[in-house]
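Undergrad: If you want the building blocks of each chain, they are given just below.
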Amino acid sequence: MKKMFPAEELARDSRFVRNKIEDAVFDPRHQALGKRDMGSAKLDPNRPAAAERARALMHGIFTGEIQALEGAGRTTFDFDETEVPLKLKLDMARQCWDESRHCEISVKLGDWMGSEIGEFAEQTFLYQAACADDPVLRLTGVNRALEGLAIDVFNTMKEFGELSGDPVLAFCEDWMLADEVTHVKMGSDWLRRLTADDPERRERALEFQRTVDKLFSLGGFRGENEENPIHLARRFRELAGFTDDELEELVKVSEESKAEAEAMSAAVQDA
Amino acid sequence: MAKVSVTPDPFVLVNYDSGVLGSLIEKVASRVGVPADVDIAIEVDEALPRPLIASYVDVDATGGGQGRVSIWCSGGNFEHPQYPRRFDDAGAEVRLAVDLTRAADRLGGFADAPPDSELSERQREAWDASAAGRASRLGYAVREPLVRYHFRLSNGFGDAVDAVYERLWGADTITWADLDAACTETAAADERPTPKTRPGAQGASLRR
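Chain order of the listed sequences is A and B.
The first sequence maps to residues 1 to 271 in this note's numbering.
The second sequence maps to residues 272 to 479 in this note's numbering.
Rather than coming from a laboratory, the hints here were simulated on the basis of the structure.
Ideal placement from N, C-alpha and C gives every residue a C-beta, glycine not left out.
Watch out, some of these pointers could steer you wrong.
Partial selection, computed: residues in chain A whose CB lies under 8 Å from chain B [what the hints assert, rightly or not]:
| no. | residue |
| --- | --- |
| 1 | Asp23 |
| 2 | Ala121 |
| 3 | Gly165 |
Produce the entire structure from the sequences given, and follow the hints as far as they go.
TA: Structure representation (structure tokens):
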């Protein structure tokens, strides 16, 4: 079986379509929208088009769960026991079990919200972040950065379910959120253990985490302001091993990401 | 045949064709019962992508006679969910079927309904559910679970609200008075501490 499996070869059936993040970043409508006062972007039932925003995000969660399953699965296989302890592999195997369950829950939530599998395009950059050849980078890039994002997303969706009085959505998101806190905690714990005697390796891994965090802040997708659809779930991140300094850094990264995306979009339009 | 005008013409931010959209409107309007002598004007805000889906359907006095159907909608209404900026023929047909059914309503038993901008979210989604049910029975590929989710989000999650939904979805004839009474019923059954009540919220801050 092939090791270090590329994103292009991930198995999907004909219902799925992939697009690139650049397609969204360079969409000419962004500049037109940027000039308007669109009000709060926070995912809230009282915002216009709330149902469609929630459905699109839920489908994104679903494809994210598939890729998280694929990423954790690869980590159980891509490294031998001279590279990672067996117990880390067992944690990754447990995570696969969780992600499989999340996929099934997400499919059912999609049904509940009137969506279809593959209805929205999939982007594979989540899985791509899980392809680092150093397992420690996978712990920071996937478990701490991406599963950390999952904490923020699930918490936002849970709140959306509570505010809209949707008992099914609120309940399911709460259960998945609990798993994500565990996944991030596993990343925090293993990072500390595997790099206890190698501060340089730890710093490289944390730098990779910062890169992934910036990528996944998606031009201001996540943050603490009204214009951020997804809000930072501070309390749950603390439970998962994030320090206050790391949380402040995440807020800064989100602001930088937003500014960079706006500058890039303006440059494309001017060209 | 109704005269259809599409704005903008041409589209510049999305890959839509005004002629294709106009032809589709003509075809759907005729099938859902908009009288042939009623003109239709549609303005598409092409800067608004998915998932910012919103529309207003009204009848104004322009043109005399029964008036003119006037539609404003976001470009996201017709956008392919998998390919940004691409026109989604099948999805557009369904959205137009629902909107134009509501236009036909306004020319009939809904003459006393407030303009779309003054409808509550509850009323708007209830009307959409009714129109979607009728469009479905005409053969349009309406996704019922999607309509139901929209309805629940605005009207509440619970058996009593679901019963009203079933009634609205299944009714072949309905008036504004019927729909308003149905919304009073769902409001009474809605146990949420802060139900969605913002008037015209479906497109409130989307329409300029």
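Undergrad: Decide, hint by hint, whether the structure agrees.
TA: Verification of the hints:
Evaluation of the Asp23(A) hint against chain B yields a held restraint, the C-beta minimum of about 6 Å falling below 8 Å. Hint status for Ala121(A) relative to chain B: holds, with the closest Cβ pair at about 5 Å, below 8 Å. Checking Gly165(A) against chain B: minimum C-beta separation of about 3 Å stays under 8 Å; hint holds.
Of the numbered hints listed earlier, not one is contradicted by the structure.
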